[in-house]
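Enquirer: Residue strings, one per chain:
Protein chains: 2
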Amino acid sequence: MNTPLPNKSVRGSDSGIAIMAVFDLLGRKWNMRILWQLRQGALSFRGLQQSCDGMSPSVLNSRIKQLNEAKLLQTTEQGYQLTALGMTLMDKLDPLRGWASEWEEVLKQQ
Amino acid sequence: MNTPLPNKSVRGSDSGIAIMAVFDLLGRKWNMRILWQLRQGALSFRGLQQSCDGMSPSVLNSRIKQLNEAKLLQTTEQGYQLTALGMTLMDKLDPLRGWASEWEEVLKQQ
DNA sequence: TATTGCGCTTCTAAATTAGTAGCGATACTA
DNA sequence: TAGTATCGCTACTAATTTAGAAGCGCAATA
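Residue numbers (the UniProt record's numbering), protein chains in the order written: chain B, 1 to 110; chain F, 1 to 110.
All the given hints hold, so there is nothing to weed out.
Pairs involving identical chains hold if they fit within one copy or between any two copies, as the list cannot separate such chains.
Restricting the straight-line Cα-Cα distance to at most 20 Å, the calculated cross-link-like pairs of lysine to any residue (SDA-like) are:
id : residue 1 : residue 2
1  : Lys71     : Met20
2  : Lys92     : Met20
3  : Lys71     : Trp99
4  : Lys71     : Glu102
5  : Lys29     : Ser62
6  : Lys29     : Gln81
7  : Lys65     : Arg46
8  : Lys65     : Gly27
9  : Lys65     : Ala42
10 : Lys71     : Leu107
11 : Lys71     : Asn2
12 : Lys65     : Leu107
It is worth saying that the hints were derived from the structure and are not from the lab.
Turn these sequences into a full structure, and let the hints steer you where they fit.
Expert: Pasting the structure below:
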């Protein structure tokens with residue numbers, strides 16, 4: 001499975017290709033979740049696996065490779081952690097928490 | 001395939017369950033993209049299909065059902081369109097466009 | 001030396017997604 | 001009125017992705 005990256009586009013076209021790559025990458029199961037779990041700091045392979053409800057190691061490993069290739073995640077002595085780019089992405093996603101609560105409320109009102 | 005919704009959680013637990021449901025829902029192929037394409041207004045079934053690179057009608061139909069169940073999308077006389085909730089979600093995702101450009105730049109540098 | 005835990009790899013099964021064909025309905029055209 | 005076109009969508013099979021279990025090789029510890 002290849003990693004979706006934005007640079008395959010025609011330069012200067014700006015027809016939304018970069019964000020489509022974001023949707024493609026984040027739209028794969030576990031990718032958002034993995035990055036989210038790393039917001040607070042580094043995690044080991046098995047720690048990350050556990051924090052993601054015991055996702056299978058084969059999938060985790062392939063995700064790590066993709067996210068690393070996309071420069072959102074890096075391997076360090078402390079374990080896996082976000083790159084600066086990964087952190088800014090999570091900052092952008094942070095407001096979703098508030099939205100999620102609203103969503104929950106609306107759905108509760110059946 | 002069942003729709004991930006936040007209300008299955010224990011009330012008041014607030015252990016991030018709602019946002020996990022968001023990740024689960026948006027982490028399915030095409031869901032973000034479909035909502036994104038509807039930002040500017042309603043689209044017909046085939047119009048939506050075309051704007052999503054010709055995604056298969058069977059998948060599109062199942063996505064429409066999920067997003068409708070999640071109250072993010074609704075059917076109107078004009079076609080499929082975002083609900084108010086869906087629009088606020090897209091507002092939250094809008095900053096991703098800027099981030100995507102930065103990401104593109106970083107990846108361009110070797 | 002034995003045990004424990006680690007980061008993975010390998011394999012098969014299950015689930016999801018893709019893709020093609022086409023139905024029944026409506027609308028417009030010759 | 002018969003033909004054509006387009007629509008939303010269904011039904012089906014094939015391809016791809018994800019799940020899940022087992023366990024290897026390595027390092028640290030007992």
